[in-house]
Amino acid sequence: MNRFSEYMLPPAKSTNAGEIDALFHFVNVTSVILLAGITIAIIYFSWKYRRRSENDVTPVITHNSKLEITWSVIPLILVLILFGWSFTSYTNVTTAPNDAYEIRVVAKSWLWEFHYDNGAVSVNELNVPVDRPVKLVMSSDDVIHSFYVPDYRVKADVLPNRYTSVWFEAMEIDDSVIFCTEYCGTQHSNMDAVVQVLSQPDFEEWLETGDQIDEDMPPAERGEALVSRQGCQACHSTDGSSLVGPSFQGLWNSERTTESGETITADENYIRESIIEPDANVVEGYDNVMPAYQGTISDRQIDDIIEYIKTLE
Amino acid sequence: MPSSETPKNIRKLQVKRFKPEESPKKHYLNSETGIWNWMTTVDHKKIGLMYLASVAIFFFVGGLLALLIRTELLTPARTFIDADVYNQVFTLHGAIMIFFFLIPSVPAALGNFILPLQLGAKDVAFPRLNLASFYIYTIGAIFTLIAIFTGGVDTGWTFYTPYSAETGGNVLMMTLGIFILGFSSILTGVNFIVTIHKMRAPGLTWNKLPLNLWALYATSLIQVLATPVLAITVLLLSMERVLGIGIFDPALGGDPVLYQHFFWFYSHPAVYIMIVPGFGIISEVISTFSRKTIFGYWAIALSSLAIAFIGFLVWGHHMFTAGQSSLANMVFSFLTFLVGIPTGIKIFNWLATMYRGSIDLKAPMLYAMIFLFLFTIGGFTGIMLGSLAVDIHLHDTYYVVAHFHYVMMGGMVMAFFAGLHYWWPKMFGKMYNEFWARVSCILVFIGFNMTFLPQFVMGSQGMPRRYFNYIDQFQPFHQLSTMGAYTMFVGFIIMASYLTYSLLKGKQAPANPWGSRALEWQTPSPAPLHNFDHTPVIINGPYDYHKPMSEFQLGIADSHHDPLDEHHGDQQVDIKTETSA
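Taken in order, these protein sequences are the chains called A and B.
Under my numbering, residues 1 to 313 are what the first sequence spells out, in order.
Under my numbering, residues 1 to 581 are what the second sequence spells out, in order.
None of these hints come from the bench; they were simulated from the model.
All residues carry an ideal CB built from backbone N, CA and C; glycine is no exception.
Take the hints with a grain of salt, since some may be wrong.
[What the hints assert, rightly or not] Examples of chain B residues lying across from chain A (beta carbon under 7 Å, computed):
{"hint": "1", "residue": "Phe80"}
{"hint": "2", "residue": "Ala83"}
{"hint": "3", "residue": "Asp84"}
{"hint": "4", "residue": "Arg128"}
{"hint": "5", "residue": "Pro256"}
{"hint": "6", "residue": "Phe295"}
{"hint": "7", "residue": "Gly344"}
{"hint": "8", "residue": "Thr376"}
{"hint": "9", "residue": "His395"}
{"hint": "10", "residue": "Asp396"}
{"hint": "11", "residue": "Gly462"}
{"hint": "12", "residue": "Pro464"}
{"hint": "13", "residue": "Phe468"}
{"hint": "14", "residue": "Tyr545"}
[To be verified] Partner residues aside, some chain A positions facing chain B, computed with beta carbon under 7 Å:
{"hint": "15", "residue": "Ala41"}
{"hint": "16", "residue": "Tyr49"}
{"hint": "17", "residue": "Arg50"}
{"hint": "18", "residue": "Thr58"}
[Said to hold, decoys possible] Simulated pairs of lysine-lysine, BS3-like, Cα-Cα distance not exceeding 27 Å:
{"hint": "19", "chain 1": "B", "residue 1": "Lys12", "chain 2": "B", "residue 2": "Lys430"}
{"hint": "20", "chain 1": "B", "residue 1": "Lys362", "chain 2": "B", "residue 2": "Lys19"}
{"hint": "21", "chain 1": "A", "residue 1": "Lys48", "chain 2": "B", "residue 2": "Lys19"}
{"hint": "22", "chain 1": "B", "residue 1": "Lys547", "chain 2": "A", "residue 2": "Lys48"}
{"hint": "23", "chain 1": "B", "residue 1": "Lys362", "chain 2": "B", "residue 2": "Lys198"}
{"hint": "24", "chain 1": "B", "residue 1": "Lys208", "chain 2": "A", "residue 2": "Lys66"}
{"hint": "25", "chain 1": "B", "residue 1": "Lys122", "chain 2": "B", "residue 2": "Lys12"}
Whole structure, please, built from the sequences with the hints as guidance.
Structure, rendered in structure tokens:
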């Protein structure tokens, strides 16, 4: 029975997972036992008391106080136990330790941004140290999203007008998947990310260097790295295919028809405007869904991205 | 109430036995025929049938949408439709199944047909209002169809803000349709409450009221009290979308979680609008096919009311991860567990009714047993989801999808089919083919479990709901689930076929094919235009199988009608009966 419950759950990779799994097993096992009892009774009764003739006489049993009290009180006791247990666990798994390492999470349609205490930023890739409590303080830039790591058994909605948080302590150096579990539109099911658990020294090293894009690279290559890091390709292809947004291929210097019917040439100014203020001029045939990057991305980085787009003819 | 049994209220009635006529020449289906007569009819039976036809169409459409979803999910990423189309399809599947099928299915379709018959009344209290409800339902449906063909809706049936305020498509038309639909639901509820209070046949006291009517009564109370909240919620949503008034949108100073509170304040009780009438049907069917007194009459009747009441106080369990306070979570978790108690009581009472009965496994009883099994699974997994710590992991995954399909489809839809097969002979005066009914029932059962059991597993493993694309490890579960959906579809096609055949060429049904003691079976099949050719007088409860059939067929002759012409040799019985309130 426990093996079945284990099969149902993903691997437990956070310190809190065990507590939740124990409760899951308890409810599963109790339910299966009770369900088996009820099912056997249904099948046994319908065979044992099957109709033998049209003149069958059945006894008049209108109620039985003892029996009825029993089957009201026993379930009541069971759910009270369950309530106490589940609320205690809930309090444990939702209260972050005071020394937890804090990471800011910003959700946008449809990507995850992670801001670390030294100013480093990563997109769709959360790096955390192993064996150390991590607290995520989360908010959304647009609609409601929900942050979910099945391996850690944590989930919380990410709202546009307030902060919510989750915490966990990863137990092994391994990758786990992050899902968005609150429906948020076209790319909802592609709004996934990965948690990379690193050893403490590796994590510190990453914090110092991992975010830096090599200054010596040519601007176009820096731009390519940025596009990949910012998750732009979720919506903008580089091979000409049309996803949620227009492809980057052949974009440079092309004539764009906007929703209002205007024709604009995709020059530096247009691309810059489309990044920091995407709703100003939306290309005809596409929805106005891109989050604004004003303040998230520097002018130098925009230069690099423009250089990169120029190479995609 | 039983307390009204004061001597003052006892009066003597001269009653005699009215044996229901077999194969009646004149009945409600062949009097007042023609399209115009149907469209303007105030007969609750015909209105019930019009609802039945409508919900059948919506069930078919919603089912086809489900097949589209399941087919698309055969492979990760795109199988044959785009993400945007997929999002519209699951939205419509939910909205149609809930608002246009589940909510009206039992109360409006079966309930309309059976409620006055079970009361021994000629019609509902407000027959014209009843017809108006049907037309309001139709207008709501038209608005929704317009929404589908003018841009569609991709918000999910829950219309969560801010997404629903920002997305494209015709959300406005859709919410307007649901706004209108709500009035139909409220008016039906009011009508039923008044009818049950005021139009019970002589002798039909509250403690003899069929359990189906107790369930419909509880349902009507929820409909009247909860539906206005939905109406105001979608109205506020429309105001925000059209006029830019900030109620839910944080950019305008609103609060999106407030929307969730409003929405679930209706939509959780709505779950009980859907399932409680199912409880009523199951009580009738199990007693009839076990040919035995119902066990714990008052326990079943009052637990329906208890569920209706507690059901109002548990909406917050839809928001355990939505950012509400731990205290609120604790209270809602506790109340959620409490709903389990009256629900469990019902299951045990039905089992106890079967104990030492004379069980006939005809199609309605098979559906009732399937209901017991599937609904119990739905209940236990509900307890799992009510457990706060576990819910954090399972919230918004396929586990939830599987849970509510076990409750709604495994519970409510199975109860609906139990009721449909049970009352089919009374509705149309025709029998259906019992063999094919059982075949289809078993196919649906197998298909259902194949579809939704794997969803429990993949949900526990972390598969989020409303996903167009998914990671490869979930593919075997999705494929099994899709095969199950196809199996169910075959089952439903068989059902549609034998029911259609029964309508066209079915055998004439006897007045009381199941040997039931309930009042609706003591009138011809199909029923006369005004339900009974006499005024029925009730001296026994509807489940008193230890009393002779003759005691269930008593009545007073209608003054305008000469019963001696049709009922030769009826004996005169002189009994005492309490007057109904």
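Okay, the hints, checked on the actual structure:
no. : hint                : in the structure
1   : Phe80               : 16 Å, violated
2   : Ala83               : 5 Å, holds
3   : Asp84               : 6 Å, holds
4   : Arg128              : 40 Å, violated
5   : Pro256              : 6 Å, holds
6   : Phe295              : 6 Å, holds
7   : Gly344              : 5 Å, holds
8   : Thr376              : 6 Å, holds
9   : His395              : 6 Å, holds
10  : Asp396              : 4 Å, holds
11  : Gly462              : 3 Å, holds
12  : Pro464              : 4 Å, holds
13  : Phe468              : 5 Å, holds
14  : Tyr545              : 6 Å, holds
15  : Ala41               : 5 Å, holds
16  : Tyr49               : 5 Å, holds
17  : Arg50               : 5 Å, holds
18  : Thr58               : 4 Å, holds
19  : Lys12/B x Lys430/B  : 38 Å, violated
20  : Lys362/B x Lys19/B  : 25 Å, holds
21  : Lys48/A x Lys19/B   : 33 Å, violated
22  : Lys547/B x Lys48/A  : 24 Å, holds
23  : Lys362/B x Lys198/B : 35 Å, violated
24  : Lys208/B x Lys66/A  : 24 Å, holds
25  : Lys122/B x Lys12/B  : 23 Å, holds
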